[in-house]
Amino acid sequence: MDRTTSSTILLIDSDPSDLQIVLPILSSAGYGVTVVTHESGAIESLLQELPVLILLQVSSVQEQGLSLCRTIREFTEFQAIPVIFIVEADDTDSIVKGISLGAVDYLTRPLDSQTLLRQVQFHIRLNAFMFNTQEQTELLTKEVKGCVHIESQLLKLLLELERRVEERNSQLSIVLNELQRTQQELLAREQKLRHTTFHDALTGLPNRRWLMEYLPALIQSANQNPRNHFAALSIDLDRFKTINDSLGHIVGDELLRNVALRLQASLSPMSTVARLGGDEFIVLMEQIESIQDAIALAQQIQIQFQLPFQINDYEIFMGASVGITLSIIGYQSPVEVLRDAGIAMSQAKQAGHGCYQVLTPERKARAIARLQLETDLRQAVERQEFYLEYQPIYGLATGELKGFEALVRWQHPSRGRVAPTEFIPTAEEIGIIDRVGIWVLKEATRQLSHWQQEFPNIPLVMHVNLSAKQLKQRELVQQIEAFCTEMRLSHNSLKLEITESCFLESSSEEINLLHQLRDKGIRLCIDDFGIGYSSLGRLQNFPMDTVKVDRSFVKRLGKSSRETEIVHTIVNLAHNLGLDLVAEGIETAEQLQTLQQLGYEQGQGYYFSRPLNSHLATQLVMSSAFN
Numbered sequence: 033m034d035r036t037t038s039s040t041i042l043l044i045d046s047d048p049s050d051l052q053i054v055l056p057i058l059s060s061a062g063y064g065v066t067v068v069t070h071e072s073g074a075i076e077s078l079l080q081e082l083p084v085l086i087l088l089q090v091s092s093v094q095e096q097g098l099s100l101c102r103t104i105r106e107f108t109e110f111q112a113i114p115v116i117f118i119v120e121a122d123d124t125d126s127i128v129k130g131i132s133l134g135a136v137d138y139l140t141r142p143l144d145s146q147t148l149l150r151q152v153q154f155h156i157r158l159n160a161f162m163f164n165t166q167e168q169t170e171l172l173t174k175e176v177k178g179c180v181h182i183e184s185q186l187l188k189l190l191l192e193l194e195r196r197v198e199e200r201n202s203q204l205s206i207v208l209n210e211l212q213r214t215q216q217e218l219l220a221r222e223q224k225l226r227h228t229t230f231h232d233a234l235t236g237l238p239n240r241r242w243l244m245e246y247l248p249a250l251i252q253s254a255n256q257n258p259r260n261h262f263a264a265l266s267i268d269l270d271r272f273k274t275i276n277d278s279l280g281h282i283v284g285d286e287l288l289r290n291v292a293l294r295l296q297a298s299l300s301p302m303s304t305v306a307r308l309g310g311d312e313f314i315v316l317m318e319q320i321e322s323i324q325d326a327i328a329l330a331q332q333i334q335i336q337f338q339l340p341f342q343i344n345d346y347e348i349f350m351g352a353s354v355g356i357t358l359s360i361i362g363y364q365s366p367v368e369v370l371r372d373a374g375i376a377m378s379q380a381k382q383a384g385h386g387c388y389q390v391l392t393p394e395r396k397a398r399a400i401a402r403l404q405l406e407t408d409l410r411q412a413v414e415r416q417e418f419y420l421e422y423q424p425i426y427g428l429a430t431g432e433l434k435g436f437e438a439l440v441r442w443q444h445p446s447r448g449r450v451a452p453t454e455f456i457p458t459a460e461e462i463g464i465i466d467r468v469g470i471w472v473l474k475e476a477t478r479q480l481s482h483w484q485q486e487f488p489n490i491p492l493v494m495h496v497n498l499s500a501k502q503l504k505q506r507e508l509v510q511q512i513e514a515f516c517t518e519m520r521l522s523h524n525s526l527k528l529e530i531t532e533s534c535f536l537e538s539s540s541e542e543i544n545l546l547h548q549l550r551d552k553g554i555r556l557c558i559d560d561f562g563i564g565y566s567s568l569g570r571l572q573n574f575p576m577d578t579v580k581v582d583r584s585f586v587k588r589l590g591k592s593s594r595e596t597e598i599v600h601t602i603v604n605l606a607h608n609l610g611l612d613l614v615a616e617g618i619e620t621a622e623q624l625q626t627l628q629q630l631g632y633e634q635g636q637g638y639y640f641s642r643p644l645n646s647h648l649a650t651q652l653v654m655s656s657a658f659n
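Take the position in the sequence shown, starting the count at 1, then add 32; the result is the number in this note's numbering.
Hints were generated in silico from the structure; no laboratory data involved. Ideal placement from N, C-alpha and C gives every residue a C-beta, glycine not left out. Incorrect hints may appear among the rest.
Unchecked claim - Cross-link-like lysine to aspartate or glutamate pairs, in silico, EDC-like; alpha carbons within 16 Å at most:
#, residue 1, residue 2
1, 224, 122
2, 587, 560
3, 501, 466
4, 501, 529
5, 381, 268
6, 224, 123
7, 273, 312
8, 474, 421
9, 224, 120
10, 273, 285
11, 396, 421
Claimed, not checked - Here are the computed distance ranges between Cβ atoms for each label pair:
#, residue 1, residue 2, range
12, 299, 67, 51 to 61 Å
13, 536, 467, 24 to 34 Å
14, 345, 507, 38 to 48 Å
Let the hints inform the model, and build the full structure from the sequences given.
In C-alpha cells form, the structure reads like this:
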C-alpha cells in the first residue's frame, strides 16, 4: 500500500484503561484513531499512513515508549508529527526524557477527558498552522518571482500578500495567546510536579529526595567553613506501629500529620524537618555553634511529645527516640549523614523509649562493627565458616560416656574465632538462626551416624539445641526425619534441647510439633532450667524426657543450705515426673560429689572436658569403646 497522509491519530498504547478513555473521547470529537498495542507495529503503521498526531504510552520502569520516540524522530518524514506521551504522574524520569526526545506535551494518569481533548486539538491546530504558514509563504514567493516583469500584477500580488500577512498575523496572535496560556499551564504543572517530587504527600514536608538534593551543598559548606557546621537529628516515633495496627491507618496518618505540625512548631528558622518515610523524620539544624544546640532541640522535641495528641476521639501519647550526628565528623555524601543519624537513633531506641543519643566515634565504630558482623554472619553459612564442637556428657554414677552436646562455633576469615555469645544473639535478631540451626542438626546427626557405625557398641546420644524460631517451622519434623533417614540414625539417639522460656512461651501449634517429635521417638530436654524460676509443675504438661539444670544452680551448690535445698527439690520433682536430670557447668570434684548424692543421672562441664573438635571427640569415643 502507498503511504498517504490522513487526519487520523495514532495511539500506541497497550493499557486497556487508557483505550477505554481515549477512544470514545477522540471518536466523539470526529477524529479517526489507529490503535497499535505493540511498539513493533508502530513504524509499519507510520509508513503506511501519516497521522496528524501520535499518542504514545511511556514508562521508565519498563523502558517502554522512550526508545520508540527516539526512533520516530530519526525519520525525517515523521519529525513534523507532534508526539504527546501518556505517563504515570510520579514518573518524572519519563517526563524529562520524553521532552528531551522531542515530545510536544504529556498527559498523566489517571487521564482527564477534558485535558486530553484540549491538548490534542491544540497541538493539531498549532501544527497545521505552522505547516500552512510555511506552505503559503513558499507559494507566494513563487508567484512574485513569476511576475517580476509585470508591474500591475506585481502590485496586485503585493497587496494580496499584505492582506494575507495581516490575516495570518491575526490568526497567529490567536494561536500565540493560546500557546502562552498552554505554556502557563505547563509551567504550573511542572511546578506542581516538582513539589510532588520533593515533598511528602501525606504531611507536605520535604522528603528523602529533597534531602538528597539539599544535603550536598550543606556538606560542602560545612567542610569549607567551620561556622557552617550542621546537625542531623533522626526522629523515630515510639510505639507507632502498635498504634497504627490497633487504631487503623486513618488514625495513623492523621497522627503523622499532627507530628509533622508539632515538629515544625519546635524549630527555629535555620532548621528544616523532612519525612524519610513511615514514622521516621529528619531535622537539619544549620549553623550550629556546639553540640549543645542539637541536644537542646532534642530535649525540646521530647518535651513537646510528652503532651498527648488528640486524634478524632482518641487521646494518644507518643514518645520519640532521637539520634544526633554532627557534620564535624567530615561527611562526603548525604547517604553518610542519613546512615549515621539512623545509627544514633537506633542506639537511642535501645537505651529506652523517649531517649536521645549523640553519635560519637566510639558508638559509630561499634555500630559499623555490628553491621559488618551481620553482613559476615549472613555469608558464613554459604562460605562454610561454621563448625561444631562436642562437649561430653557423662553418667555421674558410673563415669561412662553417655553422649555429647553439639555446640556451634564460627571461624571468621579475618577475626578468627567469634564467641557464640556474640554471634548467636545476632543471628536470632537478623533472622538467620533457623538456617544455622538446620545446618547444626544435619552436621550433628552426620557425626553421630559416623560414630554409631564405627563404634556400634556405645549407645551415644547427641544433644542439639533448638531455637524458638525453629519451633515455628512446620517442616521441622520432616527435616529431622529426613536427616535421621539419610544418616541411618535411630531417632532415640537424638535429644533436642529447648530453653525453659521457649517451652513456656510455646503456642499450641508449637506444643503439637513437640508432641510429633516425641511420638517419632526423638527425646526432648528442657535446657537452662531455673533461669526463669518456673515450677516443674507448670511444665508437666509439656512433652519432655530430661531436665538440664542451669549452671548457675550448680555453681552455688554448697554455698548455702537454701541453695542446696532448692536443687534437692528440683531433683525430687523431676524424678516424680519421670524425668532424667542433667547438670551443666560442673567444674569441681565437690560439685560432682554433691550432685551424685542428690541423685543426678548425668552431667557435663569443664571438670570432665571442655568442648572438643570432631577429631578429639572421636578419640574420646574410641577410648571409651576399649575401656
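key: Hints violated by the structure (listed by number, smallest first)   = 11
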